[in-house]
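On the provided structure of chain A, position chain B as indicated by the hints.
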Amino acid sequence: MSILVENLSKLYGDARAVNDISFEVHSGEILGFLGPNGAGKTTTMRIITCYLSPSAGSIKVEGHDVRSDSLAVRKLVGYLPEQNPLYHDMNVLEYLEYTAQLQGVLPPLIPKRIKQMVDACGLGEMKHKDIGQLSKGYRQRVGLAAAMIHDPKVLILDEPTSGLDPNQIVEIRSLIRDLGKQKTVILSTHILPEVQATCNRVIIINRGKIVADGPIEDLQRSLHGGEKIILEVEASANQSFDLIAVQLKSIPAVETVSLIDERNGTKKLSVETSDATDIRKELFQLCVQKGWGILELHRVQTSLEDIFRQLTSDSTK
Amino acid sequence: MKLTNIKYIFLKEVRSFFNSPVAYIVIVVYLAILGWFFVSNLFINNMSTLRTVFEMTPFLLLFFAPAMTMRLISEEKKSGTLEILFTKPIEEYEIIAGKFFAAWALYFFTLLPTLCYYVTITLIGTLDAGTVIGGYIGLMLVGAVFLAVSVFGSALTENQVVAFIVSLFIVFGLFMLDKVLFYLPISLANILEYISVDYHFSNIARGVIDTRDIIYYISAIGFALFMATSVLQRRRWA
Chain A
1 MSILVENLSK LYGDARAVND ISFEVHSGEI LGFLGPNGAG KTTTMRIITC YLSPSAGSIK
61 VEGHDVRSDS LAVRKLVGYL PEQNPLYHDM NVLEYLEYTA QLQGVLPPLI PKRIKQMVDA
121 CGLGEMKHKD IGQLSKGYRQ RVGLAAAMIH DPKVLILDEP TSGLDPNQIV EIRSLIRDLG
181 KQKTVILSTH ILPEVQATCN RVIIINRGKI VADGPIEDLQ RSLHGGEKII LEVEASANQS
241 FDLIAVQLKS IPAVETVSLI DERNGTKKLS VETSDATDIR KELFQLCVQK GWGILELHRV
301 QTSLEDIFRQ LTSDSTK
Chain B
1 MKLTNIKYIF LKEVRSFFNS PVAYIVIVVY LAILGWFFVS NLFINNMSTL RTVFEMTPFL
61 LLFFAPAMTM RLISEEKKSG TLEILFTKPI EEYEIIAGKF FAAWALYFFT LLPTLCYYVT
121 ITLIGTLDAG TVIGGYIGLM LVGAVFLAVS VFGSALTENQ VVAFIVSLFI VFGLFMLDKV
181 LFYLPISLAN ILEYISVDYH FSNIARGVID TRDIIYYISA IGFALFMATS VLQRRRWA
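Residue numbers (the working numbering), protein chains in the order written: chain A, 1 to 317; chain B, 1 to 238.
Think of the hints as simulated: they come from the structure by calculation, not from any bench. Each hint should be verified, as a subset may be incorrect.
Quick partial rundown of chain B residues pointing at chain A, CB under 7 Å, derived from the structure [said to hold, decoys possible]:
1) K12
2) G80
3) F86
4) I90
We put the beta carbon where it would ideally sit given N, CA and C, even for glycine.
Looking at chain A on its own, in the form it has when it is part of the complex (with noise of 0.2 Å):
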């Protein structure tokens, strides 16, 4: 067990901010966080890196209590901060340098390891600029940089693509998931794609409390009620909504039927079923027979979106 959260909970005068979470992380598992803002993410975080101490419960890091261990826990953690602060007046070497001395690298493997990280996160060029000089996925490339210079077993990572351009972001999460190979991988986010192209595992928490925690493929399955087709056709002008619409749930599995988009005598529906029945040919032969043109039949995966919005929605309310 590489991190062993139990009964976690954290106050801020009398706001919870993360109350009674336990979840257990294994070594080379990418963990997704997720969770509308305010949901606990960044305070659950900032406690397995020590920089905030827990109101009850206990964390253990590769055997180590955030607590009563609290710098074993530090040496053995990597961590990327939410809004990535760093020194503006030092240059990229003299940070790599200076993160690697307090995070006890030994003094000769230092040079070793700063070239290595200067390297993987691509900072070749900007070596020697001023931090404060650099444009925000630079920074965010030495963020990540320092919190691996010391090759941690344990990854925490709070948001590490915000402020990317499209293509450092794929980069960032192929060097993520190269990583979560022979490391522990925590990173939050509520890009949900980003869960979906880099993480094993997801937890969502809201306001406090886990509400899902499952690899992702569990999570769309257990939620996934009935399915939902995409059906734009082209239907004479005295063929109302209402109209088809009734035709339509003529077929059994059939639930509800809604008016998504309506122009120059197309309609767009989305078709949902109450199990998980393909019902693609039979709307297809009823399209057909009733002579009307089909312009797009498919159908549409529950994503991580929308499971996101139904476990954290409800509660909000």
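Just chain B, lined up with the frame of chain A:
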């Protein structure tokens, strides 16, 4: 206790003093003000003495010590870099000690050019070496107390202006204590005199190095740094 951690923080802070205008402004302004008083008094009094240096410096330090240290911790709080320091395997007192020694080093470099006055005066007259050595040791100690207190002031807040004013207030209090003794009953006056920075300095500046004065300085520096460390620890463990 890891001296290497203190050394790394010390070197980083010294470098950032000298990479920014802070060090140069402090040194130039201090020397300009001191030089003006030194030269204008020297020939009027017609005495070969460094008294101006030893009398003016503690007074100038009331402003310079808070100015030199005000950003040391408050800026880390404001820019969020404290989160980087706090998640490294280093202790709070190592952070405080490294930063304090860096400020003390800057102060040392500020005093260093005043040795020119020593050279100049020995060329035209005779100077008592004992009082000069005592005076400089005293200045380093007074400076250390003021800087340690100001590091504490900087740890209290993320606003540099607030850090400056709080530090100035405390330092001014320590400086003024032995100047208000007339108004107080004797029992209280003795205590205040002992707490006063200037009282101990005047002993050392005469060339008399007494262990009581040294103990006072070391305990005052230690107490201020301990308080600064506690402020940081409270932030993490509260």
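Right, here's what the structure says about each hint:
Taking 7 Å as the C-beta contact cut-off toward chain A, the hint placing K12 of chain B at the interface holds, the least distance being around 6 Å. Using the Cβ-Cβ criterion of 7 Å, the hint placing G80 of chain B at the interface with chain A is satisfied: the shortest such distance is roughly 3 Å. Below 7 Å, beta-carbon pairs count as interface contacts, and F86 of chain B has one with chain A at about 5 Å; its hint therefore holds. Interface hint at I90 of chain B: satisfied, since its Cβ lies 6 Å from the closest Cβ of chain A, which is below the 7 Å cut-off.
No hint from the list above goes unmet by this structure.
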